[in-house]
Amino acid sequence: MKRSSILLVVALAVVLVLTWSFLALAQEETSELELQTAEAAFQAADKGNPDPAWQGQKFTIGVYSAGPRGAISGPLYFWRPFFEKLTGATYDIVEIPFGELREKIFTDLMTGTGYYDVIIGPSWFYGDYVSNGWIVPIDKYFDDPRMPKWDRDSILLPIRELLQWKGTWYGFNNDHDGQVLYYRRDILTDPKWQELFKQEKGYDLPVPPRTWEEVYDVCDFFNGKDWNGDGEKDYGITMHLKVGGQGFFHFMALSAPYVVSPAPGDDPTKVTRYHNVYWFDPETMEPLVDTPGFVEALKMLLKLSKTGPSAMWGWSLGEAWDAFLRGKAVLTFSWGDVGSLSQLPESSNIKGKLGVAPIPGSEKYYDLETQQWVNQRNFVANTVGASWHGVISKFSKKQDLAAYFLSWQATPEINHWNVVWGWTGIDPGTLYDLLKPTGYADIEDYVQTGYDAEDARQFVTAYEEMWYKYPLRQAYLRIPGTPEYWEVWDIHLSEAVVGQVSPEEALRRTKEDWNAITDRLGRENQKKIYQEAIGYVPEK
Amino acid sequence: MKERGSFFVVPGIVWVLLFTIFPLVYSFRVSLSRVAYGRITGFAGLANYARMFQDYRFWGVLGFTLIFVIFSVAITVSLGLLLALVFNRKMRGLRFFRALMTTPLFTAPVALGYLGVMMFYEENGPINILLQTLGFSKVPWLSDIFWARTAVIMVDVWQWTPFAFIILLAGLQSLPDEVYEAAVLDTSSGWDIFRYITFPMISPVLGTVIMLRLVDAFKVFDIPFALTNGGPGTATRTLTFYVYTQGLRNFDLGYASAMAYFLMFMSLAVGIFFFRRYRSLYE
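First to last, the sequence lines map onto chains A and B. Under UniProt numbering, the residues of the first sequence are numbered 1 to 540, in order. Under UniProt numbering, the residues of the second sequence are numbered 1 to 283, in order.
Extracted from the complex, chain B is given alone in its bound form (with noise of 0.2 angstroms):
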C-alpha cells in the first residue's frame, strides 16, 4: 500500500526536476560559459559574474529595480490595508463594490502597461486633462525620468492594491468580535484599538502579503515593457527586462543567467531577511 502511494509522487518529482531543477543547473551552467547564438562555445569561468560588477548599466537597472520595489510595495500594502479597514464593516452594496475593486488584479500586465500609455498620454491623454481642468499643468508622463518612473509604479500599485485589499479584508473579518467588544470596554479611540489590536493580529496576513508582493515585484517587467520600454533613458528599465534584452534580445544567454541568479539569490536573501526579523518580531 505504502509503495503504491510512493508511484503517486512519481510525477510531482519528475515535473520538478524538469522544471524546476534542470533549468536551474542548466542555466547556471549557461551563467559559467561564453555563449554565440545560442550555442555555449566555451567555459566562461566566472567571468559573466564579475562583468555585473564592471557594468553600469547593470547597477543603473538595479538601482530602479530596488526603488520600484520599495515605493510599489509600500504604497500597495499601505492602500490594501486602507482599503481593507475602511470596508471592513456591515455596509450596502460591499460585494460589489469589492467585486469592482478587484478587476484591475483580473487584467493582465502587459495590457495595463498599454492601457497606461493611453491614459498618461502627454498631449490629449485623459489624466492630463483632467489635472489641466483641475487647474494645473500637464505632467510630463512618459518623457521625464522623474515623472516615468512614477507612472510606472502608480500602474504597478493600481493593479496589485487590490490584491492586498482582499487578502487583508479576509484577514481582518477573521478577526473575533469578543476582542474588540472588550477594547470598546477600555478605550474609545481608534487609532489605539488599530495599533494595539487591529495591526498585531493581521500582522501574519500583513507579513504574507508583504511577502508576495516583494517576490512580485522584484520580477517586474511587463508594465515597464509596455509602458515606457524602459525609458526615458534607461530611466524604468527593471532588471528582469535587461536580463530579456542580453539574453532573448541578444542572444547574450551566459550574461542574461549570471544577472537572472544574482536576481534570484537577491530575492532569497530579502525573502529571508525580512521572514526572519517579522518572525522574531511577531512570535
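In isolation and in its complexed conformation, chain A is listed as follows (with noise of 0.2 angstroms):
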C-alpha cells in the first residue's frame, strides 16, 4: 500500500472517530427525563388532522443562531423527529446568527426569494413585515380542522399583543421575553449584611429592591465587598453594555418608569398623546428620547453601571449572565433565559439562591402634559426583548405545512415543555406557566426538571406580577425601520456609558438620528404605524 493512502484511511479513521464522538456526545445531553416528559407532551397535545399530502415534503425554518442545544433554535431540532413522525414531512433549519438577522431576512423578503418558508425571528420586525405585506394573516387557520389547537387567550396580554397587528394574528404562540430583577436571595436575607446596610444607607435593605433607587443602593453597598467569600471582590450588578450587546435593552426596560406616565381620569392605561407614550409623539413622530425622564433614567444606568465590572461595558449576554450565575454580581436585570440557566449545574453556583422580583419601578416619573416631575412611585410592566416566534413568509409555497407546524409548537402541552426545559431559551408567558391559583402549572412541573422550588416559584411569580399586576406598560416599538432606530440609540447609549459623551449629548444626538430616519422612511407614513401600532386614537 502506497503511503498517501495509508495516509488517506488514518485520517479517514480520525474523522470518523471524531464524528461518533460528537455525535455521542450530542446523544449524551438528551436525559431519559427530557425524552420521557417530551413523550408525554407530544402524545398530549393536540395533533389536529395533518394533511397527507404533506408527506415528503419539506420547508424552511430560519431562526436566531445558537445550536442544536442552544437558546430558541435548539427546540427546534429537538422536536423535529417527532413532527417527521406525525406529518411524514420535514424541515431544515437554517441558523442566522443575531447579528445578521436583519439583513439575511429581510434580503430574503425584499427580493422575494421565498428562501425561508417561516422565520422564527423577533417582535421588533413587525414595523417592516406588515407595512410592506411580507408575512401571511394567520386568523384562516384557526378553524382548520387541520391544524393543531393552541390557546390564544392563555398568552398574557402583554406578549398576545406582540403576535397580532389591529386585531389581525400574524404570530404564533412560542417564547416570553420581558426583563425581571434577579437577585441573590441568600446575600440580601442575610442578617449580617442587612445590618451593615442599614448601618450605611440608613434604612433597612429592601428585599427585594422594588425602585431603581434602591437598586443603586443596594448595588452600590455590595460592589467592591467579599460578599461571596472566595478572598475576593465581588461586585454589585452585572449588566450586558457592549454595543450590539443588547445592552439598550436594559435602559429600555430601566427607563419606561421615568418616562411612561399614567393617563389622568378612570383610565390610567389610556393611550393619550402625553400618557402611556415611550417611543415618540404621537401627533408629530418627534422622539421623546431626549426629554427629562430619559435623562434621568440615563444618569441612573450610568451610576449603576460603576457598581459593577467596568469590563460590562465590553461584555454581550453570555458575559453579564455569567458574571451573575458563577456568584460575582449580587444582582442584574434580564430576561427568563437567567431564571432558566441558574439552575443548570454547568452554568450556575447559585441554584437555590435565587430571588427574582418584577422590573422595580421608579420613585417619579416625568409628566409630559404638565412638563413636571410627579414625586410618586411608578411601575411600568415591559416585554422588552424579542419574544422569539414564528411567522409565514408570504413567499412560502408551503404555508398550510408551515402554519401546522407552527400551531403544533404553540399548543399547551409541546409550549410548557419548552418553558420548563430552559436550555430551549424559551420563556414562561402563559397561564399554562404560571402557577396555580392565577394559572394552571404546579411548582413540580419545574422541580421535574431541576429546578429548586423556592427559585422556581420567585421566577415565574415575578413575571405574574409584572404582566398581570402592574399598572401600566411600556410600549413596544412596531414601526418601519426599528432596528435601525435601535441600533443607533445602542451607538449612543454606548457613547455615554464609556464617557465619549454626556447623557443629554448620547440622547440630543439619538433624536437628532431618529428624526432622519423617520424624515427618510416618511413622517406621515411612519406615524400612521406608529400610531396603529400603540393604538393610539388621535384627538379631534
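Calculated lysine to any residue pairs in the SDA-like style (CA-CA distance at most 20 angstroms, straight line):
id, chain 1, residue 1, chain 2, residue 2
1, A, K306, B, V139
2, A, K511, B, M52
3, A, K225, B, N124
4, A, K233, B, N124
5, A, K511, B, G60
6, A, K306, B, K138
7, A, K328, B, E123
8, A, K364, A, Y470
9, A, K306, B, S137
10, A, K328, B, K138
11, A, K511, B, Q54
12, A, K306, B, I145
13, A, K233, B, K138
14, A, K104, B, R39
15, B, K219, B, A74
16, A, K104, B, D222
17, A, K328, B, G125
18, A, K306, B, W147
19, A, K233, B, G125
20, A, K528, B, A36
21, A, K104, B, V110
Note that these hints are calculated values from the structure, not bench results.
With the hints as a guide, bring the two chains together.
Next comes the structure, spelled out in C-alpha cells:
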C-alpha cells in the first residue's frame, strides 16, 4: 500500500472517530427524563389532522443561531423527529447569527426569494413585516381542522398583543420576553449584611429592591465587598453594555417608569398624546428620547454601571449572565433565560439562592403634559426583548405545512415543555406556565426538570406580578425601521456609558438620528403606523 | 491565428464587465438615488454625497479609519522588516521558524477577531492574567476607547506582520552578496550598511508591501466587527463597517454607495500620491 493511501485511511478513521464522538456527546446531552416528558407532551398535545399530501415535503425555517442545544434554535432540532413521525414531512433549520438576522431575512423578503418559509424572529420586525405585506395573517388557520389547536387566550396580554397587528394574528405562540430583576436571595436576606446595610445607608435593606433608587443603593453597598467569601472583591450589578450586545434593552426596561406616565381619569392605561407613550409624540413623530425622564434614567444607568465590573462595558449577554450565575454579582436584570440558566449545574452555582422580582419602578416620573416631575412611585411592565416566535413568509409555497408546524409547537403541552426545560431559551408567559391559582401549572412541573422549588416559585411569580399586576405597560416599538432606530440608540448609549459624550448629548444625537430615519422613511407614514401600533386614536 | 487569439480574451473581458465595471457603474447610479428596501425610488442628485459632510458619524469613523491605517501599516511594516533582518542569515531551524511565523496569515480575520475577544477578555483573559503576573494592573482592553483601539490595531498587526516579513525576507535574500562583501571593507557599522545599502536596495519591495498594506487597511472590517463590534461607542467603527451597516443592515443603499465611492477615491488618491513620492525618491 502506498504511503499516501495509508495516510488517507488514517485521516478517514480520525474523522469517523471524531464524528462519532461528537454525535455521542450530542446524544448524551438529551436525558432520559427529557425524552420521557417530551413523549408525554407529544402524546397529550392536540395534533389536528395532518394532510396526507404533506408527506415527503420539506420546508425551511430561518432562526436565530444558537445551535442544536441552544436558545430558540435548540427546540427546533429536538422536536424535528416528532414532527417527521407525525406528518411524514420535515424541515431544514437555517441558523442566522443575531447580528445578521436583519440583512438575511429582509433581503430574502425584499427580493421575494422565499428561501425561508418560516421565520422565527424577533417582534421588532413587525413594522417592516406588516407595512410591506411580507408575512401572512394566520386567523384562517384557527378553524382549519387540519391544524392543532392552541390556546391564544392563555397567552398573557402584553405578549399576545405582540403576535397581532390591529387585531389580526400574524405570529404563533412561542417565547415570551420581558426583563425582571434577579438577585441573590441568600445574601440579601442574610442578617449580617442587612445590619451593615442599615448602618451604611440608613434604612432597611429592601428585599427585593422595588425601585431603581433602591437597586442602586443595594448595588453600591455590595460592590467591592467580598460578600461571597471567595477571598476576592465582588460586584454589585452585572449588565451587558457592549455595542451590539443588546444593552439598550437594559436602558429600555430601566427608563420606562421615568418616562411612561399614567393617564388622568378613570383609565390610567389610556394612550393619549402625553400618557402611556414612550417612543414618539404620536401627533408629530417627534422623538421623546431627550425628554427629562430619559435623561434621568440614563444618569441612573451610568450610576449603576459604576457598581459593577468596568469590563461589562464590553460585555454581551453571555458574559453578563455568567458573572451573576458564577456568583460574582449580587444582582442583575434580564430575561427569563437567567432564571432557567441559574438552575443548570454546568452554568451556575447559585441554584437555591435565587431571588426574582418584577422589574423595579422609579421614585418619580416625568409628566409630559405638565412638563413637571411627579414625586410618586411608578411601575411599568415591559416586554423588552425579542419574544422569538414564528411567522410565515408571503413567498412560501408551503404555507399550510408551515402553519401546521407552528400551531403544533404553540400547543400548551409542547410550549410548556419548552418553557420548563430551560436550555430551550423559551421563557414563561402563558397561563399554563404560571402557578395555580392564577395559572394552571404546579411547582412540580419545574422541580421535575431540575428547578429548586423556591427559585422556580420566585421566577414564575415575578413574571405573573409584572404582566398581571403592574398598573402600566411600556409600548413596544413596531414601526418600519425599528432595528435601525434601535441600532443608533444602542451606539449613542454606549457613547454615553464609556464617557465619549454626556448623557444629554447621547440622547440629543439619538433624537437627531431618529428624526433623520423618520424623514427618510416618510414621517406621515411612520406616524400612521406608530399610532396603529400603540393604539393611539388622534384627538379631534 | 490572431483572431483566434482574441477569442481567448473574451472571457476575461466578460468577467471584468460583469464583476467590475457593471457593479461600479450600478453602485454609482445607486449613490445618486433614493433607495428604500433595496429598490430605487427616485433621483437624489448629490444629496447622498452632501449628507456625508453633515454626518458627524461619518467623520468619526473616517477619523478612526485613518488612525488605524497609519498605525497598523507603520507597525506591521516596521516589525516585518525587523524580523526579516533578524531571520536573514544562516541559522538552524530557519524554515521551521519561518513557517511558524506565517501561521496568523492563514487565519480568517473574523476568526482572529473572535480569538481576540478571548485573549483580551478583561476579567480573566490570558493577556490580563499575564500582565497581572508581571505586576501590572488589568487593562480595560474592550471597554475603554484608547485600549479598544489599541486592541484592534494589535490584532491586525498580529495577522499582517508575517506578510510583511515574508515579502521583505525574500527581498533581502535576493540582494547580491558581493555588495555586502565590498561594504564590509569600507565600514564596520551595521547601521551604515543597513542605511546606505540594504534599505535603498529593498525599497522597491518595501514600497510594494506598504502599498498592499495600505489598500488592505483601508478596507478593514472583520477584526473590529468581531472584536469590538465597533465599540465602545463608535470608537472602533471603521468606514467599511459603517458602509456595511448603512447598506446591508439599514438598507440605506444610496448613502452606503456614496460612502463606498468616497472610500474608493480616498484609497486611490493615497495610493497614487504614495507611488509618485516613492518613485521620485528612488528612481
